[in-house]
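2 protein chains.
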Amino acid sequence: MESHLKSLLQPLGRTELCDSVIPALLDCISEIAKSLRESQHVSLAGTTNAFGDGQLNVDMAAENLVREALAKCPSIVTASSEEEPVERAAGDGQAVNPTSEKYTVAFDPLDGSSIIAPNWTVGTILGIWDGASAINQQPSEKQIASVLGVYGPRTTAIIALRVPGGEPQCLEIGIGGSGQEHQIIRSNVRLADPPFKTRYFAPANLRVAGQSENYMRLIMHFIEKSYTLRYCGGLVPDIVHALVKGHGVYVSPVTVASPAKLRRLYELFPIALIMECAGGKAIDPATGEDILNRPLEDCDETAGLVCGTAEEVEIVKKVLLGA
Amino acid sequence: MESHLKSLLQPLGRTELCDSVIPALLDCISEIAKSLRESQHVSLAGTTNAFGDGQLNVDMAAENLVREALAKCPSIVTASSEEEPVERAAGDGQAVNPTSEKYTVAFDPLDGSSIIAPNWTVGTILGIWDGASAINQQPSEKQIASVLGVYGPRTTAIIALRVPGGEPQCLEIGIGGSGQEHQIIRSNVRLADPPFKTRYFAPANLRVAGQSENYMRLIMHFIEKSYTLRYCGGLVPDIVHALVKGHGVYVSPVTVASPAKLRRLYELFPIALIMECAGGKAIDPATGEDILNRPLEDCDETAGLVCGTAEEVEIVKKVLLGA
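Protein chains in written order, with this note's numbering: chain Y, 1 to 323; chain U, 1 to 323.
Bear in mind the hints are in silico, worked out from the structure with no lab data behind them.
It is possible that part of the hints are untrue.
All copies of an identical chain are treated as equivalent in the list; a pair is satisfied when it fits inside any one copy or across any two copies.
In silico DSBU-like links for lysine-lysine, alpha-carbon gap of 35 angstroms or less [said to hold, decoys possible]:
id	residue 1	residue 2
1	Lys261	Lys72
2	Lys317	Lys225
3	Lys34	Lys6
4	Lys225	Lys72
Using the sequences provided together with the hints, build the complete structure.
Spelled out as structure tokens, the structure:
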């Protein structure tokens, strides 16, 4: 795997990204997987009414593991996370060997709290930006890579790369255990072109269809056209399903009664980059605009999401926007 | 965990069940988890059009691990599996110490083939029957235990016990790694009583709603009443979600255009026992009858399934049967 990354990134002058940043993040995903595997009693929290301490502890353990990984990489100068949505220095500010590459990492350490207790697949979301901040930058140019960690029966990762001067890349990685090598499962993750053998849909926040005529029309379209339903309610596994199957559309609409909940910086931007690098699309259902078109003004911003196979995203856009 | 099982089963004269059968099955679940964790390239099969060799290899590895575990238990005299649906001797027929307890085990070694490639949670289903066969026996009396193995970020198991003379039991177990102890996560898994804080639904085969007026009415009921959708398409994780959250209803209807696919012996009976032991219900959507009421005539029989919270199963029954 390392030689493959080197062949992609070294010609683009991204030595730190391929020798330090991405390996540190993949090792960190391996560590989070181990921590989850050993946290049997954490699931108890999910069985109580409120979010209990145990569940918060799993999130915090993942947060700490990512922060430790970032601090090891001199080229990562800034970090912020969904658990603490403020940009601050990633290391101790005393890097011995300042590098010519400078990155900002924005991450959601453990996405899918609601499905941790029943032992469903959950994930980590990481976005890597050129420069010392993600704020007021053009996401489509400055977010140059993103990584998803997928914790299921196996531990896997998706890496998307869109480094200036290079072709967009999307890879699936098999994460090894402690001290083991990571391996490439697929070096070119691509959503399929039509005609589609099986069409999948993942309708988030389905109860909104009770108040939204357009969302209900969309659901009826999926049922009448015999789409296959797969919706686990975890953003990472729902997105990875589409990438691995080669088809899928994820729909999280926003209405007055149901405000946007997905964080632009920690969830939408990294997912959108992966979808685009895999040949798909990711748009804001409120405007139809590409998720990666509009810069961030504040780490806390939220929006809806429609993403996946480009042809399906176009259909959803037309129905939801009533166009 | 072992002392808890002993306290439940020894007074009922089930020494082999608690000292040999259940420990062997839990260790086997730990082995299957390890095998899945190390099978990174198996996922490739799911990405091809046909069911490839890799995927079949994972199923077969799990099948072999279960067969090996059963052969170690002198009290297990008969076994059959979804991969080979014929009852045959579980061991070599040469048990040195024949025991007074005699069991038949029916199992699905790895349920959820379609979601193995995207690294979603999958499971193992095992039913334990009193006597030398499951055929032409009353399931509600003769299937005395069932076990689900759940392979996600962690490895867990659900055990249901309904041994004559004892109270029904449902436990959640955290499965340890090789040589590690298994531990009780919850000693009393129970579906909640109304009022329900959050109501969950898992609609299998949703495309059938396009041809079935009753199924469509049911889906509309769920949406209008603001139920939360969780449907991953793996029977084990979908059932375990309801058990861990304390609420849920799983609906897999059968129509002329969409024949029954769930195996009565390998899927429906073990799931139904778990649901009943957790205070829920499991019925055949074609008749409204309890799944465990009707004996099996052939290992291959299939049916639909509605199961989960008793109040919800009653609502679904009325809508689907148009009563």
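Here's how the hints hold up against the structure:
For the identical chains of this complex, Lys261 and Lys72 are intra-copy neighbours only, at 32 angstroms inside a copy versus 52 angstroms across copies, given an alpha-carbon limit of 35 angstroms. Within a single copy, Lys317 and Lys225 get their C-alpha atoms as close as 17 angstroms, and across copies as close as 26 angstroms, so both meet the 35 angstroms cut-off. In this assembly of identical chains, Lys34 and Lys6 lie within 35 angstroms of each other by CA distance both inside one copy and across copies; the values are 27 angstroms within and 31 angstroms between. Proximity of Lys225 and Lys72 under a CA criterion of 35 angstroms is satisfied in neither setting, with 50 angstroms inside one chain copy and 50 angstroms between copies.
The structure fails to meet hint 4 from the earlier list, while all remaining hints are met.
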